[in-house]
Amino acid sequence: MIGGAVKVALVAIIVYRVARSFLNPPDDVFKKHYPGKCSQVKGLNFGSEDLEVTKNGLAFVTSGVWFPTVSNKFDEFLKSNNIQGNIFLYDFNQPDLGARKLKLIPSKDFDPETFHPHGISLLEDETNGEHLLYVVSHPKHADDAVEKFRYSPKTNELIHLKSFTGDVLHITNDLTVLEEDKFYISNFLYFKNPYLSIAEHVFSSFGFGSLVFFNGTAFSVVKQSMNSPNGLFLSKDKRILYNALPREQSVKAFEIKSDYSLTEIQSVVIGTSPDNLHLSNSGDALYTGAHPVIPKIIQHLGDPRQPSPSSVLKLPLKDGKIVPEEIVELFYDHGNLISGSSVAAVYNNKLLIGSVINKLVICDANTAL
Amino acid sequence: MLRKALLVAAVAVIIYKLMNVVIKAGVFTHYKKHYPGPCRQIKGLNYGSEDLEVTKDGLAFITSGVSYAAMSTGYKEFLQRNGIKGRIFLYDFNEVHPEARELQLVPSKDFNPDYFHPHGISILEDSVKGEHIIYVINHAEIGDEAVEKFKFLPESYKLLHLKSFRGPLMHITNDLAIIGEDQFYISDYLYFKDHTLSLIEQAFLPFGLGSLLYFNGSDFSVVDSGLFSPNGMTLSKDKRYLYLSLPALSTVNVYELEKGNSLVLIQSAYLHSMADNLHLSESGDALYSGAHPILHQLVVHLDDPRQPAPSSVLRLPLKDGKIVPEDITELFYDHGDLISASSCAAIYKNKLLIGSVINKLVVCDVNADIV
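Order-wise, the sequence lines are chains L and Z. Once you know that position 51 of the first sequence is 55 in the numbering used here, the rest is easy, because the numbers rise by one and skip nothing. Once you know that position 223 of the second sequence is 1642 in the numbering used here, the rest is easy, because the numbers rise by one and skip nothing.
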C-alpha cells in the first residue's frame, strides 16, 4: 500500500518537475547576443513567417499569416491592424529600399483578398529572373491550397498561374519544390474545429501530422503520424529533405527515393523549437528561426502583442546529415527587436530573420555566418 | 492511515527538493555555442588562467595554477601528475602575435615561489615607468594564506616580491580589489579547508560563512559577513562602487563605498549564471565576466580537470554604477572543447581574452558593434 503510494508520489513529482523545467526555463536563463549590428527592416511590421532567397540576393517573404485554428486575439490583432496576406521583396543588394509589397495579379482561381500565405518555396529562373513562387495559402472558408506565381522583375508583380488543392491537405504549413509542380508539403495540424484543435494540441505527440507529396497531378501521403511537422527544405542536390518539428524540438532528414517516398536517415533533438529551415548558399548548413521558450511562444501566438524571444541557429551539414556538436546560435533576442523568429537566411554575410507575426530583421555579421 | 499519508507527503517533498537541485545544476538546460569572431587558444599556457587584469597600455597579468586546501583529491592529483606550479603570465595585446610569457618570480625572505598558488589579482598601475604594483592572493602550500605584493620590472619581465600581508580573518580567500597602495578589499570565500566540510559549506548550509574584508594598510577588518562564497571583485572607474560576484547564488552584489570605506549594498543582480571573476571595460561602462553556465559539469571538472566544462563570457552593462540586467549579453559560449570552465574575461582593442580555472587561455576577435 505504502509502496504503491510512494511510487505514485514519486512519479507524479518527477513528471511535474521535469515538465515544468522543460516548459518554463526562466526568461533570462538565455542571454541575448547578436552577430553584429542588427536593425528592423522598414516596410514590414506584421510577419515574415517564411522566406526564400535567390542566388542573387532577392528574398521573397510571406507576411500576414493566418490559419483556421488561430486564437480569437490573433484574429482581432489581424483585423485591428488591417493585416492582409502579402508577399514582400527584400533585396540584399538594395537594403535601403527596405521590404516592398509585391502586387498580386489575380486570376479566375485566385482572389488576393482571401490570400493567407504561410510557407514558400522557389524555382529560380537564372536567365530572366522570372522565378516561380509556390506558396501555401489558407483561404478563409475554403481548403488549404498551394498557389503558384511567376515573378515579373520589371513590374515587381506576382502573376498567379495555378492553384493546387486536395482532400489530403488539412492545415498545411510549408512546402519545398523538387521540380516544376512537384513538391513536398507538411500537414502540421489536422482538425479545423476549435474544440478538436485544443485536444489535438494537448495530444499532438500522438501524431496527427503528415508529409504529403504532389507529383504534378495528385497528392499522396508519404509520411504518416508525425508530431506537427513544420518547415521543409531540400539539400542542394535535392536528394535529402529536411523537416523541422518544433513540438518535438527536432529536425529530421529524409532520403528521397526514386518513387518520391521518404526514408528517415536522421532525427536530431536540438533543445529548442525550430520553425522554418533555409539552406546556406553553398549547401553546407541549414539556418533556422527558432522559439527558445515554449510558454512565451504559446503566449505570443495567443496574443501577438506579448513578446516572445527569438533565436537563430546554424546547423552544419556533412554528407547530408546535421552535425549536432557543431550547432551554433547566431542570434538571440528577448523579443524586443523581433518576437517569434520563424526563419533565417544568410546572403553575403548578412543575416535576414523573419518572424511569425512580428518584424523582419537584418544583421551585419562580424564572424563568418 | 494518517501515518502512511504523512509518509507519502514526506517522500513527495524530498523528491521535489531533490529535483530542484537537479534542475538548478543545469541537467535540463540546453545552451548553444557561439563565438564573437575567430578564436584561438594561446600557446604556452595550459593549466589555468583563473584571474587576470589588463593595464591601460594593454598588458594582461594572468594567474595560473590555482589550488587551495579545500580542492578535491582528484584536482590535487591532476596538479601533481602534470607538475603544475603557481605562476604569473604576461600577455601583451600590443604584440603582433602575442603569446603568454611566464614572468620570473624573484623570491624574498617572506616569499618562496615553490609554494606559490596564486588566485585573484589586482593591479596598481604605474603609468610613468610601467613598474606596476601587482597584488595577488596566494594559497601558500606551506604557511598561511597571504596577499603577495610584487613590483613588475618591464625591462627584465620579473616580478620582484615586496611584501606579504597575512591575518587571522583570512580563511580561504579568492580575489581582491585595490583602493590605494596597500589598501584593498578581499573576498574571504570559504571557511573550511577540509574538502568534505567545504562541500557541505557550499552546497548544503542555509547560511553563508564567507565575508568581505578590508585591509587599511595595517589591519584587517570585516566589512560584510554571512556571505555565500564571495568570489570575484572589482571597482568602478571612479572607485565609488565595488562589484562582488557570488556564483553560488548566480548573483553579483553592487556596493557603494561610503566615507571611512564602509559599504552599502545597493543592488543584488540575479544573473541566472555563475559569474566567477569580474573585469571592468576600458571605458568603465560594463563588466566582463567568465562564467560557469552548467553547475554539474563544473563540479565534475573541478574533481577531474580532464572532463570538459562549458564556458560563457557575459557583458554586464553599467548605468550609474548599477548593472542593467535586461541588457546583459553573452559574448561567447563554448561547450568546453576550446576552453573549459571560463573564470575571467577582458576586452582590449577589439580582442577578447578569456581565462579559465585550470584549463586554457583563449583570445577572440570581437567587433565594436557587439561589445
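Any given hint could turn out to be false.
25 Å max Cα-Cα, derived PhoX-like pairs, lysine-lysine [to be verified]:
1. Lys-1612/Z <-> Lys-36/L
2. Lys-325/L <-> Lys-1770/Z
3. Lys-1768/Z <-> Lys-36/L
4. Lys-354/L <-> Lys-1770/Z
5. Lys-1768/Z <-> Lys-41/L
Covered stretches of chain Z, going by a simulated chain L footprint (3 or more residues, C-beta under 8 Å) [said to hold, decoys possible]:
6. 1503-1510
7. 1537-1545
8. 1581-1587
Incomplete in silico selection of chain Z near chain L, CB under 7 Å [unchecked claim]:
9. Gln-1499
10. Ser-1687
11. His-1691
12. Glu-1701
13. Val-1782
14. Ile-1789
I should point out that these hints are in silico values taken from the structure, not numbers from a laboratory. Keep in mind the model is a prediction, meaning the values are calculated, not measured. Note that beta-carbon positions come from the ideal geometry of N, C-alpha and C, so glycine has one too.
*Closer than 8 Å, Cβ to Cβ, for at least three residues: run that test on the stretch 1581-1587 of chain Z against chain L and report holds or violated.*
Violated: only 0 residues of the stretch 1581-1587 of chain Z have a Cβ under 8 Å from chain L.
*asked:* Can you verify the interface hint for Val-1782/Z: is its Cβ closer than 7 Å to any Cβ in chain L?
replied: Val-1782/Z check fails; min Cβ-Cβ to chain L is 14 Å, beyond 7 Å.
*Sort out whether Lys-36/L lies within 25 Å of Lys-1612/Z, counting only the CA atoms.*
With Cα atoms ~38 Å apart, Lys-1612/Z and Lys-36/L exceed 25 Å; violated.
*Please work out if Lys-1768/Z and Lys-36/L have their alpha carbons no farther apart than 25 Å.*
At roughly 22 Å apart (the allowed maximum being 25 Å), Lys-36/L and Lys-1768/Z satisfy the hint.
*asked:* Lys-1768/Z and Lys-41/L were given as a pair; does the straight-line alpha-carbon distance stay at or below 25 Å?
replied: Given that 25 Å is the threshold and the Cα spacing comes to 18 Å, the pair holds.
*Given that the stretch 1503-1510 of chain Z was listed as covered by chain L, double-check it with a C-beta distance under 8 Å for 3 or more residues.*
With 0 residues in contact (Cβ-Cβ under 8 Å with chain L), the coverage given for the stretch 1503-1510 of chain Z is violated.
*asked:* Next item in the hint list is Ile-1789/Z. Is there a CB on chain L closer than 7 Å to its CB?
replied: holds, 6 Å
_Min Cβ distance, Ser-1687/Z to chain L: is it shorter than 7 Å?_
Status violated, d = 15 Å.
*asked:* Under 8 Å between beta-carbons, do enough residues of the stretch 1537-1545 of chain Z, three at least, approach chain L for the coverage claim to hold?
replied: With 0 residues in contact (Cβ-Cβ under 8 Å with chain L), the coverage given for the stretch 1537-1545 of chain Z is violated.
_Interface hint for Glu-1701/Z, Cβ within 7 Å of any Cβ on chain L_ = Given a least distance of 19 Å, the restraint on Glu-1701/Z is violated.
*Answer holds if the nearest beta-carbon of chain L is closer than 7 Å to that of His-1691/Z; otherwise answer violated.*
holds, 5 Å
*For the pair supplied as a hint, Lys-325/L and Lys-1770/Z, is the alpha-carbon distance within the 25 Å limit?*
violated, 34 Å
Of the hints listed earlier, those the structure fails to meet are numbers 1, 2, 6, 7, 8, 9, 10, 12 and 13, in rising order.
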